[in-house]
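The chain contents come next:
There are 2 protein chains.
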Amino acid sequence: MTKMVYFFGGGKAEGNASMKDLLGGKGANLAEMTNLGIPVPPGFTISTEVCELYYAHGQRFPDGLQEEVELNLHRLETLLEKKFGNPDNPLLVSVRSGAAVSMPGMMDTVLNLGMNDKVVEGLSAKTGNPRFAWDAYRRFIQMFGNVVKHVSHDSFEHILEKKKLEKGVSLDTQLEVKDLIRIVEEYKKEFRNSTGEEFPQDPKQQLWEAIAAVFRSWNNERAIRYRQIHNIKNLKGTAVTVQTMVFGNFGLDSGTGVCFSRDPSTGKKEFYGEYLMNAQGEDVVAGIRTPEPLDALKRQNPELYNQLVAFKDLLEAHYKDMQDIEFTVEKGKLYILQTRSGKRTGTAAVKIAVDMAKETIIDKKTAILRVTPEQLDQVLHPMIDPKVSKNAKPIAKGLNASPGAAAGQIVFTSEDAENWAKEGKKVILVRKETSPDDIGGMYVSEGVLTSTGGLTSHAAVVARGMGKPCIVGAKDILVDSSVKKITVYGKELAEGAWLTIDGSTGNIFEGQLSLIPPILSEELQTLLNWADEIRKEKDPHTERPKGLQVRANADIPEDAEKARRFGAEGIGLCRTEHMFFDKGKLEIFQEMIVAENKESRQAALRKLLPLQKEDFKGIFRAMNGFPVTIRLLDPPLHEFVPHSLEDIKALAETLHIPVERLRSKAESLKEMNPMLGMRGCRLGIVYPEIYEMQVEAIALAIVEVRKEGIHVLPEIMIPLVGTYKELSILREQLEKKMLQILPPGQIEYKIGTMIEIPRAALTTEEIAPYADFFSFGTNDLTQMTFGYSRDDVGSFLPYYLEQKILEEDPFKTLDRKGVGQLVSLAISNSRAVKKSLKYGMCGEHGGDPSSIEFFHSIGGDYVSCSPFRVPIARLTAAQVALRLPRG
Amino acid sequence: MTKMVYFFGGGKAEGNASMKDLLGGKGANLAEMTNLGIPVPPGFTISTEVCELYYAHGQRFPDGLQEEVELNLHRLETLLEKKFGNPDNPLLVSVRSGAAVSMPGMMDTVLNLGMNDKVVEGLSAKTGNPRFAWDAYRRFIQMFGNVVKHVSHDSFEHILEKKKLEKGVSLDTQLEVKDLIRIVEEYKKEFRNSTGEEFPQDPKQQLWEAIAAVFRSWNNERAIRYRQIHNIKNLKGTAVTVQTMVFGNFGLDSGTGVCFSRDPSTGKKEFYGEYLMNAQGEDVVAGIRTPEPLDALKRQNPELYNQLVAFKDLLEAHYKDMQDIEFTVEKGKLYILQTRSGKRTGTAAVKIAVDMAKETIIDKKTAILRVTPEQLDQVLHPMIDPKVSKNAKPIAKGLNASPGAAAGQIVFTSEDAENWAKEGKKVILVRKETSPDDIGGMYVSEGVLTSTGGLTSHAAVVARGMGKPCIVGAKDILVDSSVKKITVYGKELAEGAWLTIDGSTGNIFEGQLSLIPPILSEELQTLLNWADEIRKEKDPHTERPKGLQVRANADIPEDAEKARRFGAEGIGLCRTEHMFFDKGKLEIFQEMIVAENKESRQAALRKLLPLQKEDFKGIFRAMNGFPVTIRLLDPPLHEFVPHSLEDIKALAETLHIPVERLRSKAESLKEMNPMLGMRGCRLGIVYPEIYEMQVEAIALAIVEVRKEGIHVLPEIMIPLVGTYKELSILREQLEKKMLQILPPGQIEYKIGTMIEIPRAALTTEEIAPYADFFSFGTNDLTQMTFGYSRDDVGSFLPYYLEQKILEEDPFKTLDRKGVGQLVSLAISNSRAVKKSLKYGMCGEHGGDPSSIEFFHSIGGDYVSCSPFRVPIARLTAAQVALRLPRG
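Chain order of the listed sequences is A and B. So for the first sequence, my numbering puts the first residue at 1; every next one is plus one. So for the second sequence, my numbering puts the first residue at 1; every next one is plus one.
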């Protein structure tokens, strides 16, 4: 007959870590630790096969189980010299669920099993702590009643609350022993009333009923649903682990603690932990008493301390990762209750991974996989001191648009922001929404907060580009710029009030919270260099690099330099219109826009040419030897034209034209849905002179920087193509222009297009012949595929995410099912007609880990993201390359 | 050896109509007519195989050709008793191209061949018309020089123009004979200068060079391009037909005419035509002399007239269609030069098709295929009297948004339109763009003209719905409502000025042109009934009807009745929001929109409920026994809220709320891109009470009309679904509501969704389980797939169409490549998981012939269009069913 029960304890176990299928994750790991010689509270595990049999036999235990359990229970009693139900020396156990795949919180557990009316008295006497004993009994009745007999949790809680009310206290711990005794009586009465049975006093009966309850919890509704959602299939059932309870509150020779094999905050290789004498874990959690550092234990009980050090070394070496270890000392004996890979800060994650690789505990690949993109993100931005943020309560929450924390005084206009900043003040720019006019104000602010907009609204996109903390769509913040104040749930905050925003979480705090600056450590550089090695390694079959190339979105020379410092291997998106936002250039650009005819438009363009050329030169210099993808003018022209009468008057004066003419021009440029209007290559087709000027500036810049010895790799990108003819016409026209300045063969350049309109994605086999590369503009593609305007989603998207209508914000993480389907189709259809085509992704998704993984899997060549996200993209691309072949 | 040359003449021909591949279309038809005993000017055709050999031999004539041609030339001379090059009795021929597939104007032709310095003199003497003879010679030199020797057309024209200038005349016909003689001299000099050769005097040399030139024209650039564009492949080449020239200007016993076997204007079975004595066809075309009715010929030469009648009867019976016949009488002998199916008005097309079917000349299927959708469209709308429109010059042109013509006085506001109309004036509403506020004004206007917007702009959609002529996007018309005038190319027209618009062509005329009213004839009813028979016939294999069902888009009971009268088999789209535009309802709807909270929103909805219920009842009554698809609220709420301060004040007063609150509410509803914002089911999800009220109104309406004995087939349609969860949530919620009012099983209703967002089309396999039907909203799907806002395309779409970047306006004709791909994918993916799903198309394309054909081919079940287009859809769906199996 098959073995059904597996014992662990006394230095050896019948199972091990490889037997998860049979013993569940928990049972297998307890066995593993036992075998390592770690003093784990002993016990035994009933296998998952028994659960399967239990269900196969109509929820009855299989023959022979009783004998095996009895035998193991006896082994346990013998080993511990305790006895089930013996008031003088009671064995108390926990009965826990545990499947092969972790399903946290989905199934049931019963603690303190073995308590009854007599045991509680014995325990009370033995520990000299009747509070503890009665509280343990109370908890057991409640847990047993609820889990095993389905007595409602509320009815127990009601009894407890009533007693607290009666005594005029608010905390459980303020109840006296006599209150607890009374509560236990009432609990038993409630149990009787609900079940028609007396609360069982026989520990064996308690045990068998608890085991059956755990088996049944395998098929409770929430567990079934969890397995459906996570697509968990082909499991036999849950194992049941019966394990000795140990208590750290048996006296001064007892205690409880938590320790880490390395510092989870800094990552330094220092043993770190806390210990509390004569206490249970719950006491620490409840915050009643403050634990002391481990040094205290070292002083009090050096032998035990050394034991602990030895165990943590053993466990870290065995599990090859920093361990978070829970331990309890019961009457001078050390027990390890649990070990697991410890949670850590981003800084610690990087340091531990790199250190462990240098210590040859793990290899470089493992080190790369050990740091999550989220941890890396943390390292790259200032954050609110965790000690502070733990206790601070946000006044509101918005969308986490650009990571990092910032504190500053509220200002409502860009002008104010610039003036205050000049005086050395730190400001947070708070607006309903931002516009290109706000660039200057955003630049000098510590952070940006808007009450409207989604993750790809203007504020969000620009802030990410600047690496500035930003929260958007904080709809509970009512911004009234006219009187310079905000109202949050009735509370008003005026200009100058301090605000702290956490762009990583979307939390908004009143006041100035203390921040921790980002640390760009040597270990981080090392880790990213290892990641680059992995990415660039050639796949011997395809001769292509194993991982995606990482470029940056950068529009001005300064950003290009920043991108290089962050390790970008080129520019994947240079938005030429952003060059025009500077004072001085903007006016000429506006002159071009309001031109009455082609001649005056061309006159203005002639003035812009040398300015744009200089920008290109700066970028080419910064990207010496790396590709630069320049996108020709994309946004609707009206974005550059003022709309308030006051601004119109000012501009009319500057341009020496009648106010009325300018007003009517501005009016005529207005569109119902500018997102879907006259922009992108539509501008380039209808006003060919604009793109011609831009290409001329590019060509002239190439000629000039080449004289400086700069190696230029230019790629000209046409935005918003929807039909192949748009590209074929523009390509022909622009190549002609290039040829006028650059003789053929003198320099290689590429001409490609954005794929950002669904129709383009659906017809790439027609477009491919005219393109050297495709760059997926997944922002716009998401807008059009979903029919979501990124500026207007604020009214429903937060609700959709809350209601799980959407699992993820599609502007943050690429929607694989819809948008991803188009991208995938676009690649496979075009590749079928043109093998040499290169594919990039330059939307906001270029810096998102899940989106990077997807793009890798369907055959992308590079991603492009804001300079600040380049390290994250480098790491993610390497991690993905280690896990998946490129598509 | 294969026969190379095919003779026709003297009552029989060596070829016939079936030999198009070998003789080209023209050669085969001339042979066919000859065989019928029709007196065609005799000649011979050199086969397409000779053309193939010509190219195979490096552009040389094959051996034996010369002999065959000489032989046939001799037969011709013998038959006609004329001789090539004989001044006294010259044979003149035309040398024409003609491939198996018609390529109009792509290849070359030479007329009057056989003229030389002597023949011209002979002809001059013989006809007593030296003007004719010298002009014929002049034309021959020019045509031969240009076609055969590539002497530029301009250099000949230059000579002619110079002479006219010299003589101070403007028409060729004002030149005297001596001028023509002089011109011929200069033409020959020009020929010599350009070619280095004398103009050939030998008619045989002329003939061979012309034959070679026609062969060469097979591969001229424009012919090659034409074959590429029209995908014409696998042809051998062009045939060459050498045919006797006949002249109607040899004297009073000569003449020329055109006749129709039935009246091309009314379709009546009456012989109809015109005749001009002693004239060539050119004289008629040039308008120098006015032809007389055929009755004149009947009186002058009854024998010849009877001959002509016999030939037209023969030809109509033979070709089984109304014939347009060109004839010439040369010295008392009747020649038929050409016969072809005659162009006809829509009215005539319908009558001729039905009459011929009744006369059993053709069968019903052929009759259905004989009327084009465009002809039917003509019949259904008033049109400008062709006699008038032929000579009228439009002052501007816009997009032909809604067919039919209208004349009226210009008004600039809906209010004025309503006031003027009350006074019995006919008005044309002229606006920059229209909004829902303009519905009343549009309704009373004869037609609508806007200077902006595309084919699916508000004005266009509403006007089509009303069946009103409409032109949109007339960008050359500058509308200044503030001073109530328009400016067109500098010319101003004020309020009250008359304008005539032709919504079928987009032409705008100044003044009041006379119109012809539409005629809904008995023949039309008959034709449409036959079409319905064809559509509804069951395919024996699939058990499904062979053709698409045709439903109408109708929003109010009145339109539903109209739809039935036009033969709609149900309503495919009832836009519930259109019900709210009525005065009285609009205010309550606005009250609902500006509600501060759910309670006041629900209070307003309670008031709307009975009103909406009554509308539904009216529609159900009108559609007794036919399905009614009701779309729940779709448009952005701000469309219903006033935006001018004045209107806001008025509404605030009506609703008894502070102006400031209303202003700020209106402001908060504004969106950057409302098309992609808070609308459709997003509204239904965020404000569930709105859809619940609508469904309640539907359910209550059902209960009440059923008591009247009405058979209701309701279909509830959820708009703008992008993810399956939106539909699953709403379906559950709305079914619950339905169940509260309609007990289960009491009535069958369907719940379905619009597929109008690309993502929905890409994920139909997920959506299908929650839908009973899909209706493709191809308007929005086109907007999002192309990234075109229908309200903003005016700035580039006309240019794109002009430049052929787009072959068709995608809002008019479904783009098969992109949008169609999505629709097709959506059907095949959903059908794979749910066979029972029904597919409709309710965008503007539902009434467009090409789009109907496509939807039929990919497996659609029904189309829905405005009532006025229902007849066109019925006819087209039947025509398509005759040509193609349903997908």
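Derived by calculation from the structure, the hints in this document are not laboratory data. One or more hints might be untrue.
[Claimed, not checked] Using 25 angstroms as the maximum straight-line C-alpha spacing, the simulated DSS-like pairs for lysine-lysine come out as follows: (1) K665(A) x K268(B); (2) K475(B) x K485(B); (3) K432(A) x K670(B); (4) K670(A) x K670(B); (5) K835(B) x K817(A); (6) K817(A) x K817(B); (7) K432(B) x K665(A); (8) K670(A) x K432(B); (9) K725(A) x K834(B); (10) K670(B) x K485(A); (11) K484(A) x K598(B); (12) K736(B) x K817(B); (13) K817(A) x K233(B); (14) K475(A) x K817(B); (15) K670(A) x K484(B); (16) K670(B) x K834(A); (17) K149(B) x K204(B); (18) K269(A) x K236(A); (19) K126(B) x K162(B); (20) K126(B) x K536(B); (21) K665(A) x K233(B); (22) K736(A) x K164(B).
Does the structure keep K475(B) and K485(B) at a Cα separation of 25 angstroms or less? Holds. K475(B) to K485(B) sits at ~15 angstroms (cutoff 25 angstroms).
Take a quick look at whether K126(B) and K536(B) sit within 25 angstroms of each other, Cα to Cα. violated, 66 angstroms
Between the alpha carbons of K670(A) and K432(B), is the straight-line distance 25 angstroms or under? Satisfied, since the Cα-Cα distance of roughly 13 angstroms is no more than 25 angstroms.
Are the Cα atoms of K817(A) and K233(B) separated by 25 angstroms or less? Measuring from Cα to Cα gives roughly 41 angstroms; hence the hint is violated.
Hint consistency between K665(A) and K268(B) [alpha-carbon to alpha-carbon, up to 25 angstroms]: violated, 56 angstroms
K670(B) paired with K485(A) [C-alpha distance capped at 25 angstroms]: holds, 22 angstroms
Is the Cα-Cα distance between K736(A) and K164(B) 25 angstroms or less? violated, 44 angstroms
Within a Cα-Cα threshold of 25 angstroms, do K670(A) and K670(B) meet the stated pairing? Distance of about 14 angstroms is within 25 angstroms: holds.
Against the 25 angstroms threshold, does the CA-CA distance of K670(B) and K834(A) hold or violate the hint? violated, 45 angstroms
Checking one constraint from the list: CA of K269(A) to CA of K236(A), max 25 angstroms. Satisfied? Measuring from Cα to Cα gives roughly 41 angstroms; hence the hint is violated.
K475(A) and K817(B): Cα distance at most 25 angstroms? Given pair K475(A), K817(B) is violated - Cα atoms ~41 angstroms apart, limit 25 angstroms.
Taking 25 angstroms as the top limit, are the C-alpha atoms of K835(B) and K817(A) close enough? Distance of about 22 angstroms is within 25 angstroms: holds.
Hint violations for this structure: numbers 1, 9, 11, 12, 13, 14, 16, 18, 19, 20, 21 and 22, all remaining hints satisfied.
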